[in-house]
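Under our numbering, the first residue of the first sequence is numbered 1, with each subsequent residue one higher.
Simulated from the structure, these hints should not be mistaken for lab results.
It is possible that some hints are incorrect.
[Stated by the list, open to error] Below, computed lysine to aspartate or glutamate pairings styled on EDC-like, alpha-carbon distance capped at 20 Å:
hint	residue 1	residue 2
1	LYS384	GLU110
2	LYS238	GLU266
3	LYS344	GLU388
4	LYS481	GLU498
5	LYS238	GLU255
6	LYS238	ASP248
7	LYS485	GLU416
8	LYS321	GLU266
9	LYS485	GLU584
10	LYS384	GLU370
11	LYS418	GLU366
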Amino acid sequence: MTVSRWCRITKAVDTFRRRRAPVEPDIPLLAARIRSRMFLSLRAEVESALRETLADLDLPSDDLGIEEPPEDVESVLASSVAFRLAGEAGAPPPEIAATVADAIDADHLEFVSRVETQGPYLNFLPSEAYFGETLEAAVDPDYGRLADREESVVVEHTSANPTGPVHVGRARNPIVGDAVANVLAYAGYDVARHYYVNDAGRQMAVFTWAYETFDEEDLESEPARDRVEYDLVRYYRKGNAFLENADDDAVEAAEAEIESIMQGLEAGDEATYERVSEVVDRVLGGMRECLARLPAEFDEFVKETRFMFDGQTDDVVARLKELDGAIYEEEAWQLDLSAQGIEKNMVFLRSDGTSLYPTRDLAHHEWKLENFDRAVTVLGEDHKLQAEQIRTSLDLLGNDADRLRQVIYSYVNLPEGKMSTRRGTGVQLDDLLDEAISRAREEVEDRLDDRIRDDDLGEEDIERIAHQVGIGAVRYDIVAKQPAKAITFEWDQALDFEAQSAPYVQYVHARCCGILEEAGIAVESEVETAFDPSLLETEAERDLLETIARFPAVVEEAADDLEPHRVATYTREFAEAFNAFYRECPVLASDVDEDLRDARLALVAASRHTMANALSILGVAAPRSM
RNA sequence: GGGCGUGUGGCCUAGCGGAGAGGGCAGAAGGUUCCUAACCUUCUGAUCGCGGGUUCGAAUCCCGUCACGCCCGCCA
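Starting from the given sequences, assemble the full structure and let the hints guide the process.
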């Protein structure tokens with residue numbers, strides 16, 4: 001990566017972060033916001049107290065070394081400044097730590113009860129108010145949802161060419177994309193979800209030609225599934241096979257027809273558009289049904305042809321030609337981006353005068369930047385170079401490219417290689433989901449006999465749980481991993497219901513619901529009885545509250561960095577904390593004091609809200625029983 | 001060949017400048033008259049690909065190297 005690009009990316013991240021500072025003087029809103037983000041409030045308090053103390057001691061305070069301590073340390077936040085100050089102050093780190101700890105007046109801090117040292121580390125221990133406020137905030141079913149930023153973001157994801165069934169190779173796109181959109185929405189952005197439909201490319205011209213040329217009897221096989229895209233993809237495959245294998249004259253004739261379709265679209269010919277649309281809309285309709293199973297829904301399907309017909313692509317071409325890097329070479333217009341660190345020229349106008357995908361995508365991106373404050377695109381690693389070209393070209397065309405961010409993921413491959421719609425290799429997402437549901441159903445039925453709880457699961461419940469767990473497991477498995485890591489698809493690995501998978505975290509939610517229902521509290525409603533947080537004194541209860549307190553910070557960081565997998569990591573940590581509480585702190589046992597019972601019920605309700613909302617960000621169902 | 005990305009116990013994975021590198025699976029041993037055991041506890045297992053460097057401190061930053069993936073089309 002070149003230095004200039006690194007700087008640009010860093011700048012983009014900074015801009016994104018800077019915007020999260022509240023600028024509106026809306027006091028109740030601010031209060032609600034601070035109130036609901038305990039961990040962040042604590043961090044802010046620790047930072048300012050530490051900075052002031054260091055200033056008082058005449059020590060530099062530019063790097064405070066604030067960090068989260070290891071699990072076995074009692075504090076919620078720690079600092080390693082003492083290491084950094086050792087040279088300056090001429091004393092060993094533990095000594096400095098002790099001096100600083102003594103100088104901090106914890107009595108004036110709201111969320112810090114005391115400051116301790118452990119060797120060179122400063123440890124900040126939470127106050128009663130920290131636990132109390134956390135519980136108060138988390139009893140709200142909307143806990144974790146950050147205040148409105150009054151800023152819109154368009155998240156474009158999936159955008160697979162409408163050539164056939166959605167296969168597992170690109171399943172990461174809707175799953176990661178939907179989670180990115182969800183986490184941004186939770187973080188207070190006004191989110192729109194877009195699917196960009198590539199209806200103007202050569203592939204769609206081939207498809208349209210093939211669909212119009214061949215008949216049912218020309219096709220070798222039956223549709224793999226009774227849905228439109230499985231039916232039509234056979235024409236697409238047939239067409240491609242024909243172009244590869246037929247004799248030269250036949251191929252030439254076919255190419256002429258394909259070319260005329262592309263020229264028709266370029267010219268804005270209504271009849272051609274109708275022909276292509278019939279194929280595009282039908283196939284897309286089937287793909288939407290598949291994606292809806294995840295579920296991944298979209299606010300808008302934006303067609304590429306739209307930017308050809310409205311003149312925006314021509315406008316982009318005209319402006320690109322005016323740029324310094326524009327060159328006319330080998331009868332085609334290209335953009336030399338070597339000055340921007342990209343060695344590969346971007347061709348933006350073919351020798352026959354038609355536009356290319358990147359040209360239209362530039363018009364599309366300008367449209368997004370006009371209509372939204374920010375734009376996020378989720379795309380496969382094979383589009384990385386193109387993404388850089390788009391970003392750089394947008395910048396050269398006078399757009400603020402920092403408002404655009406791209407999330408790149410690696411494809412899911414089969415052990416024997418890539419999945420391909422055209423060649424018909426690959427595992428269909430529908431099949432994966434079906435298999436997941438059926439395996440989940442087996443699990444539910446196997447467990448039916450030795451259930452302790454007598455809640456009499458009916459056939460409907462079994463069906464519901466099988467869907468929630470099966471689809472949840474597939475989504476969780478994908479969204480929990482960093483997108484940049486390559487995944488090789490294997491059935492048993494994708495459908496592992498063991499610990500650290502969706503059912504493990506879903507089970508926590510079901511346990512919460514079980515307790516609340518047993519106590520006669522409607523799961524969806526707010527907690528109405530009074531409770532006293534200070535009664536929650538055991539280590540398990542405190543750990544759970546500390547974990548709950550971190551949730552809004554997790555949402556914020558995941559949104560800032562567009563990394564929903566952090567929320568998945570959090571659900572695991574949360575499940576551990578809850579299971580320890582569940583094991584050690586009975587809620588409804590007869591020997592539990594009534595006030596303690598109420599406090600613990602509030603904690604269970606808070607836990608349920610936290611887990612339900614975290615799962616909702618991941619797009620994984622939160623079952624009320626399992 | 002060039003660019004970008006990824007390499008963490010047998011397998012999967014978190015951490016990406018600070019406290020014996022967390023989890024999970026697989027393997028071994030335990031736990032249910034008690035709010036669902038899709039749970040929990042304990043044990044076994046890691047020179048964080050390799051070699052240098054920067055730093056008080058490196059899995060994390062820098063350089064080199066190896067392996068794998070992706071890209072380098074007037075395709076999308």
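Verification of the supplied hints:
A threshold of 20 Å between alpha carbons decides the hint, and for LYS384 with GLU110 the separation of about 47 Å lies outside it, so the pair is violated. Only pairs whose Cα atoms come within 20 Å are accepted, and LYS238 paired with GLU266 is rejected, the gap being roughly 25 Å. This hinted pair checks out: LYS344 and GLU388 have alpha carbons roughly 11 Å apart, not beyond 20 Å. This hinted pair checks out: LYS481 and GLU498 have alpha carbons roughly 16 Å apart, not beyond 20 Å.
Restraint check for LYS238 and GLU255: the C-alpha separation of about 15 Å stays at or below 20 Å, so the hint holds. With a C-alpha separation of about 17 Å, the suggested pairing of LYS238 with ASP248 holds against the 20 Å cut-off. With a CA separation close to 18 Å, the supplied pair LYS485 and GLU416 stays within the 20 Å bound. Distance hint between LYS321 and GLU266 is fulfilled; the C-alpha atoms sit about 19 Å from each other, no more than 20 Å.
Simply put, LYS485 and GLU584 have alpha-carbon atoms about 38 Å apart, too far for the 20 Å limit, and the pair is violated. A hinted pair counts as satisfied when its Cα atoms are at most 20 Å apart, and LYS384 with GLU370 does not qualify at roughly 23 Å. For the proposed pair LYS418 and GLU366, the alpha carbon gap of about 33 Å is over 20 Å, so the pair is violated.
Hints 1, 2, 9, 10, 11 from the list above are not met by this structure, while the remaining hints are.
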